[in-house]
Amino acid sequence: MALATRMSVSLELRLMNGPSDPTRFVHDKCAELGFALCGVCEAQPTKWPRELWQWLEDGKHGEMDYLANHTAQRIDPGKMMPGIRSIICVADRYHDGSEDNAAHHEKGKGRIARYARGDDYHVVMKKRLHQLCDALIEAFPEETFRAFVDTAPVLEREHSTRAGLGAIGKHTLLIETGVGSYLLLGEVITTLRLEPEDSKQTIDPCGTCTRCIDACPTDAITPYSIDATKCISYLTIEHRGLIDETLHEPMGDWIFGCDICQEVCPHNQPTHRTSEAPVHEAYSPRKTWKEGFDLVTILNWTEDDRREAFIKSSMKRAKLDM
1 MALATRMSVS
11 LELRLMNGPS
21 DPTRFVHDKC
31 AELGFALCGV
41 CEAQPTKWPR
51 ELWQWLEDGK
61 HGEMDYLANH
71 TAQRIDPGKM
81 MPGIRSIICV
91 ADRYHDGSED
101 NAAHHEKGKG
111 RIARYARGDD
121 YHVVMKKRLH
131 QLCDALIEAF
141 PEETFRAFVD
151 TAPVLEREHS
161 TRAGLGAIGK
171 HTLLIETGVG
181 SYLLLGEVIT
191 TLRLEPEDSK
201 QTIDPCGTCT
211 RCIDACPTDA
221 ITPYSIDATK
231 CISYLTIEHR
241 GLIDETLHEP
251 MGDWIFGCDI
261 CQEVCPHNQP
271 THRTSEAPVH
281 EAYSPRKTWK
291 EGFDLVTILN
301 WTEDDRREAF
311 IKSSMKRAKL
321 DM
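Numbers 1 to 322, taken from the working numbering, label the letters of the sequence shown in order.
Since the hints were made in silico from the structure, they are not lab data. We put the beta carbon where it would ideally sit given N, CA and C, even for glycine. Hints may contain errors.
Capping the alpha-carbon separation at 20 Å, the derived lysine to aspartate or glutamate pairs in EDC-like fashion look like this [said to hold, decoys possible]:
1. LYS127 / GLU158
2. LYS319 / GLU238
3. LYS316 / GLU238
4. LYS109 / GLU281
Taking CB as the label site, the calculated pair distances span [what the hints assert, rightly or not]:
5. GLU245 / GLN54: 36 to 42 Å
6. GLY108 / THR222: 15 to 21 Å
7. ASP100 / GLU249: 17 to 23 Å
8. MET322 / GLU32: 35 to 41 Å
9. ALA215 / LYS47: 26 to 32 Å
10. SER199 / GLU99: 31 to 37 Å
11. LYS47 / GLU143: 22 to 28 Å
12. ILE298 / SER199: 43 to 49 Å
13. LEU247 / ASP21: 29 to 35 Å
14. GLU276 / GLU57: 41 to 47 Å
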């Protein structure tokens with residue numbers, strides 16, 4: 001039998017013996033890989049292109065120029081890859097909502113956002129998404145799969161709501177009832193046609209609650225929108241250069257990120273139900289990062305000290321002069 005014929009027969013047999021329910025196959029593999037949530041949706045354009053353009057035109061993205069680049073792809077994921085049909089959305093939960101002792105620590109320590117207290121989520125999630133892609137390629141060799149974790153122009157929160165992972169809160173973060181909003185998101189785009197999940201785009205998880213808006217010390221949040229130029233997370237992670245003096249006191253003791261809007265969110269308060277939602281072990285906080293950094297020590301760091309302190313951490317994005 002000719003080589004080409006044997007390869008054709010082999011491919012036909014693999015397709016015949018492949019998963020009969022591709023969406024179920026995706027869910028099972030995501031569960032095996034330890035993702036807290038997963039879902040699929042069609043690769044459709046955003047429902048809010050005008051709002052995105054207005055937000056950018058108002059300069060609310062600050063110095064994050066990458067958010068203004070490749071806007072056409074953000075608006076329509078179909079422009080990212082020929083033949084794209086579906087988006088697989090996953091989420092890792094990185095904190096259980098328990099009280100943060102660092103909120104009451106001694107003066108002179110700088111606080112770190114919970115997501116950055118463990119291993120770098122880019123690495124943790126990307127590795128497992130590549131494993132998911134490998135399994136999908138094995139099962140569906142005729143299809144194409146590409147994985148992303150903060151590395152592509154993808155409106156990940158919108159796609160996640162369409163994939164049934166949760167709904168967007170007034171603080172603009174994804175909330176899943178019984179799980180909360182301490183979530184990290186990743187995606188796989190594919191030419192494989194998958195059965196869409198029940199969308200949660202129209203669900204309002206907040207009602208009349210305004211705790212996140214009221215608690216934000218820099219007034220960065222308005223309902224379902226955020227001005228990044230006032231957000232403490234932006235100022236301590238993305239912003240380069242001097243920070244407006246009027247924001248110094250409101251920023252308090254946060255030196256990398258901020259959790260205030262999530263700390264006050266009712267969906268993140270510990271309950272019997274939320275205690276059953278898994279937290280991935282890779283995000284277990286290191287003692288130093290959980291308790292915060294000594295500010296005087298940081299002021300005397302060398303570049304080597306910074307690199308040593310941030311090994312395996314997403315905090316390495318913050319440069320020494322920041």
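Straight-line alpha-carbon gap LYS319 to GLU238, limit 20 Å: Between LYS319 and GLU238 the Cα gap is close to 10 Å, so the pair holds against 20 Å.
Satisfaction of the hinted span 43 to 49 Å by the C-beta atoms belonging to ILE298 and SER199: At 44 Å between Cβs, range holds.
Pairwise hint evaluation, GLU238 against LYS316, where the allowed Cα distance is 20 Å at most: Holds. LYS316 to GLU238 sits at ~12 Å (cutoff 20 Å).
Restraint check for LYS109 with GLU281, where alpha carbons must lie at most 20 Å apart: Roughly 25 Å separates the two Cα atoms, so the pair is violated.
SER199 paired with GLU99, Cβ distance criterion 31 to 37 Å: 34 Å, holds
Range hint 17 to 23 Å (beta carbons of ASP100 and GLU249) holds or violated: 21 Å, holds
Pair hint outcome, LYS127 versus GLU158 [Cα-Cα no greater than 20 Å]: Violated, at roughly 23 Å.
Whether the CB-CB distance between LYS47 and GLU143 falls inside 22 to 28 Å: 26 Å, holds
Outcome for the supplied range 41 to 47 Å, where the beta carbon pair is GLU276 and GLU57: 44 Å, holds
CB-CB spacing for THR222 and GLY108 relative to the 15 to 21 Å hint: Since the Cβ atoms of GLY108 and THR222 sit about 34 Å apart, the hinted range of 15 to 21 Å is violated.
Hint check for GLU32 and MET322 - Cβ pair distance inside 35 to 41 Å: Since the Cβ atoms of MET322 and GLU32 sit about 39 Å apart, the hinted range of 35 to 41 Å holds.
Whether the CB-CB distance between ALA215 and LYS47 falls inside 26 to 32 Å: 29 Å, holds
In summary, the numbered hints that this structure violates are 1, 4, 5, 6 and 13.
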